[in-house]
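Chains as they are written, first to last, in my numbering: chain P, 310 to 675; chain C, 310 to 675; chain D, 310 to 675; chain B, 310 to 675.
Watch out, some of these pointers could steer you wrong.
Non-contacting residues of chain D with respect to chain B, defined by C-beta distances greater than 10 Å in every case (computed) [stated by the list, open to error]:
#1 R346
#2 P359
#3 S361
#4 Q367
#5 G383
#6 S511
#7 R534
#8 A560
#9 G627
One side of the interface only, derived from the structure: several residues of chain B facing chain P at Cβ under 10 Å [unchecked claim]:
#10 S311
#11 L318
#12 E375
#13 T386
#14 P524
Restricting the straight-line Cα-Cα distance to at most 27 Å, the calculated cross-link-like pairs of lysine-lysine (BS3-like) are [unchecked claim]:
#15 D/K496 to B/K564
#16 C/K564 to P/K496
#17 C/K564 to C/K358
#18 D/K564 to B/K358
#19 C/K564 to P/K358
#20 D/K564 to B/K496
#21 D/K358 to D/K452
#22 D/K496 to D/K352
Hint data in this document are derived by calculation from the structure and do not stem from the laboratory.
Ideal placement from N, C-alpha and C gives every residue a C-beta, glycine not left out.
Protein chains: 4
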Amino acid sequence: MSGNSFGTLFCVTSFGESHGPAYGGVVDGCPPGLELRNEDIQKELDRRKPGSSRHVTQRRESDTIEILSGVFEGRTTGTAIGFLVRNEDQRPKDYAAIAERFRPGHADYTYWHKYGVRDPRGGGRASARETVVRVAAGAIAKKWLRERYGVVIRGYLAELGTIRIAFQSWESVDANPFFAPNREAVKELEAFMDELRESGDSCGARVNVVAQGVPPGWGEPVYGRLDADIAAAMMSINAVKGVEIGAGFAAIGQKGSEHGDEMTPEGFLSNNNGGVLGGISTGQEVTVSLALKPTSSIRLPRRTIDVRGQATTIQTTGRHDPCVGIRATPIAEAMLACVLADHALRHRAQCADVAAPAVVKGRKIN
Amino acid sequence: MSGNSFGTLFCVTSFGESHGPAYGGVVDGCPPGLELRNEDIQKELDRRKPGSSRHVTQRRESDTIEILSGVFEGRTTGTAIGFLVRNEDQRPKDYAAIAERFRPGHADYTYWHKYGVRDPRGGGRASARETVVRVAAGAIAKKWLRERYGVVIRGYLAELGTIRIAFQSWESVDANPFFAPNREAVKELEAFMDELRESGDSCGARVNVVAQGVPPGWGEPVYGRLDADIAAAMMSINAVKGVEIGAGFAAIGQKGSEHGDEMTPEGFLSNNNGGVLGGISTGQEVTVSLALKPTSSIRLPRRTIDVRGQATTIQTTGRHDPCVGIRATPIAEAMLACVLADHALRHRAQCADVAAPAVVKGRKIN
Amino acid sequence: MSGNSFGTLFCVTSFGESHGPAYGGVVDGCPPGLELRNEDIQKELDRRKPGSSRHVTQRRESDTIEILSGVFEGRTTGTAIGFLVRNEDQRPKDYAAIAERFRPGHADYTYWHKYGVRDPRGGGRASARETVVRVAAGAIAKKWLRERYGVVIRGYLAELGTIRIAFQSWESVDANPFFAPNREAVKELEAFMDELRESGDSCGARVNVVAQGVPPGWGEPVYGRLDADIAAAMMSINAVKGVEIGAGFAAIGQKGSEHGDEMTPEGFLSNNNGGVLGGISTGQEVTVSLALKPTSSIRLPRRTIDVRGQATTIQTTGRHDPCVGIRATPIAEAMLACVLADHALRHRAQCADVAAPAVVKGRKIN
Amino acid sequence: MSGNSFGTLFCVTSFGESHGPAYGGVVDGCPPGLELRNEDIQKELDRRKPGSSRHVTQRRESDTIEILSGVFEGRTTGTAIGFLVRNEDQRPKDYAAIAERFRPGHADYTYWHKYGVRDPRGGGRASARETVVRVAAGAIAKKWLRERYGVVIRGYLAELGTIRIAFQSWESVDANPFFAPNREAVKELEAFMDELRESGDSCGARVNVVAQGVPPGWGEPVYGRLDADIAAAMMSINAVKGVEIGAGFAAIGQKGSEHGDEMTPEGFLSNNNGGVLGGISTGQEVTVSLALKPTSSIRLPRRTIDVRGQATTIQTTGRHDPCVGIRATPIAEAMLACVLADHALRHRAQCADVAAPAVVKGRKIN
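Chain P with its partners taken away, still in its complex shape (with noise of 0.2 Å):
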């Protein structure tokens, strides 16, 4: 598998940098007959678009989807999947003060050393903008997860910087930029957030995912496991630092009589397993929780080398998120998506013949 593929079954390649001509992407293995179009990708990579709010990078994008193959008449045909999304606002001058710096965490450092090339373009390939073919291929995951298991997939952010939001109603989540799920916080959130722009700084964020309807089942022992597999996917996003599936870290001081999920005919008592027990399903929700590090390029100097080794300074000017995570929920969506998607077609390869199990009182116990 090559490192800009990821997916079994349901496989996602993507391609693409910041200031080249275009990011595009290739879904292959989506079910055949799925309803597809144009606008059912659009509305999600309008969630995640940049110049949304003036807490987001200024940078004008339209994020125009552009479907080339794999749908007819409306119907994805069960063959590849190729779409396009055109950069529209490059401006790769942006970078001429830079071209010989790196910027203290950010990726340009380590793609000079791996590939000997520096495309200082807007972090050229390692830019975050690169979640658009995420996002995309996410959509049509998340459709047919929807259409075919009623999988509902939403997330939210959970912490801005030192705030903490509390969650009050999934209503409240794309009623603000922040897909807050409070909307009593949204003010504080503006004002740290005005704070922050103006002091040239950058600040980190948890966001929260959740997954409802996933049938027990999807997974795989071992290292096909599900919640590992959600690891590599929310991991593999821009300036993910951390991964937790349910309690997560909390698990460390639990016991096991308060972390093991007692079962009742009606149903679990709790869900700090996260909807997965040994890499696989349980049928409760799916929960993951991820870190988001403070964006790298910021308008504060820093100390740092240059191509030839010698010290020097740089500060970051251009057009940048000061807090990446504000955009992230859709990203996190869409991979969850992608890997539940994944898992149900693996799943339902090896397992089409195996029979329900117990019923209780006429439905199934999970």
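Fit chains C, D and B to the known structure of chain P by using the hints.
Structure of chains C, D and B alone, referenced to chain P:
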């Protein structure tokens, strides 16, 4: 890629169940010419072995490695290395009492849903005893990484339940049955475990792993990131519920001016990135931290259901680790070693001809 | 995917050398619930076994299968099926004489170049004895395909050296040590082989394999074609130098009006396509033909070089099949079975919800 | 690995349909630093282009390559190379007449069974026009192999229908629209094709491909064999029904004393093995031969069924190659190039540290 294999070029395949005749594995893609003897693997298996102290399961297993192929006259040949570890102390009868009931927090419920099969013998394939295969494979990866690149991989127990263990020295780690990096802490840990065992309950733990000497450039962009593969590898270990690279979840509360690791000609001034930027190694220490949940098999009574969906309770006697985290250190080291060996191979495949970049004052910057 | 594994969902991993302690394999992805006992595999191994007639190698191996995992109470559990076949009649000393010389047409030269290691013991990993693993894995695939889909896979020897063997009946195939589908031909084959053995030389062969009952729709477009995967599987068998599907090379001289298989409501009128169109099964018999080269280990003196590059000659004594094609029929069947099982799973993963197309006069057209 | 991707490290992903807006592909894993300009790819696309003579389809396509990513300032960056070829001369209406009927020998029947979707526009995804992606990807592989290892890959038309074309010189190949390696043969080929076209029928062909300069050691044992991957790559080309390596099917009638290529300090004395022994390259020319079936879309009336399963007849007008083999030479070269590039990378990943073996009289033996 099947669920019981992992790695693209340094590829590990695993099989076996807790109460079947044997565990075994295949390491494919190991470079030829590596000196490899049974004892190279055995010494790592002995670190993970059950029964090594009163704080872990009392199952008596010698965990003797038998190499079946891929080694000729004491050196790897480049072909598949097959190996076996026979089970010696199976007690399938221990499980008769719980054969029809599900342990809260245990994979037996999800396996049964997925496969329609109930193998109650010690968790079957879901048993943490499977990690014997990982440790064997990891021993090979570790040895090659150390001899070929000077990479040293070490881990330690950082938290046991609610006790945080301050890092004192690497020397302490192998001097106690907890892999605690602090001799003074051992007494407290022993007291804590004795009380826990007495109570019939279990607890969680945090394990940290560090790889020193990783050259810059290992990893791939987008989905094939080094940190994404590490996250998957760690999350695939039994009981792991969270993974962090570098600052991890602490990055949420950091400012960019604090998190981004400044560089000087003498090297980086901090390591919040955990040795990985943009999915590619920086040349610093790769630092990983994982959360392990408390063991689900405990002696305390818990509410659950049986295979017919009826309400019941369960108490697990058998022989179990009251804290799987105690034996997790060598396992986490092994997984990190396998991922790094895989990426070492992947990197030199694509980038073997890349000239090493700037050298400052006679040495490489990293 | 590593070189010692194949298959995407029905995945086989192999290890072992001709004169090491054992061969073994892992079948991952087999559906759960399949009845599987040692004898199901053993009977296929017995068909491939050496020493079954004077026309094949006289090495004495019982080729006894030992299933180590993945089967519980006589049924597959859905987890990895590990198995071993111990070597019993190694004679590494037989190879002392040729340890430093290369057999013309043998892989020992290329392995030495690739790995820098010379394991002269019976060809090491390059030995055709490795096919014991394929046959074991294929036995599982075959059984599942037959029970789940009614697919029947059979092969036969179609040419032995310059002798073409007319197909008479499937019943004949297992009634002679050549897998010849023609009882009358056996005498001629025996005389030919006796003379060949006497002469110290070896010969090639053609094996045909047929899968009946494959439903239409298995396979994938472009690179994942059913016929592409069959070609790889067959070409991966030791000594195979050519593969044909359907009309194969005869299609060169056909006109389109002759080659294209016409259809009627009663079915296809011919099968030049060999059961595959556009990489996807048609519902007809899948027909495959392979060319096996003559054994490279012969008693006649041949010009060669030694490990120092000096000119020398070589004669191989040891125990060798004068025609590896004679024992190749069960191997080719096994490989076809593994590929079909893999594609059966891949197909139902993606297309489980596709409604079966037109039924004419109460039955499916194919 | 999904069906529209191939290669482990040099990985090609393809999308597009014959009458959709565009074809496109992604080459992932290409080493960085390779000089790559549009014209490097364009010149190969021009060799495959339709409309280049009266003997091939008259569809008018410029087949203009547009590189979208992975190249910066004229050199590959090591990241995914995305590219597009727009369709310019679609005529979906040509297919109205056959929208509900199946062409004998065509994939439209199997796609419909598999996916439950009928995209009649020029064969949709099954169209041989997809090979434009392979040729583009192959151009990159070819260039890298030539510059890095001196590998030269060339092919030619060896048989056209019943005409065998004697090999005269490589220079002849590009001097005629058939890729015939013999100037004298061209007149006969033209006459044959004119008559064939007149008759409304189609014919098959044989294409040979040769890679010179492949070093010994590329390939892997067992399933990852170089020849197995070549076989899959060739069989994945539209219309291919057979593949041979070296002596191919002629090996059946050879004796071991004739087939096994003898070696002297000056090199091999013959090349029956086709440059591959035990799945690993010998250092000789890699020689491959493929059989292409006659085009299924012909003007002659043929019996078939429609989507309701009713008997009917079909005649295909539209624009089709009367012999797809004529344009297959650059495609076969491209596939061989991709496989070799993949194995070059795989080999140096695992065996970069293997010391080159014996040198005789100042040079390597091969």
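**Prompt:** Hints broken by the structure, by number, lowest first?
**Reply:** 6, 7, 8, 14 and 17
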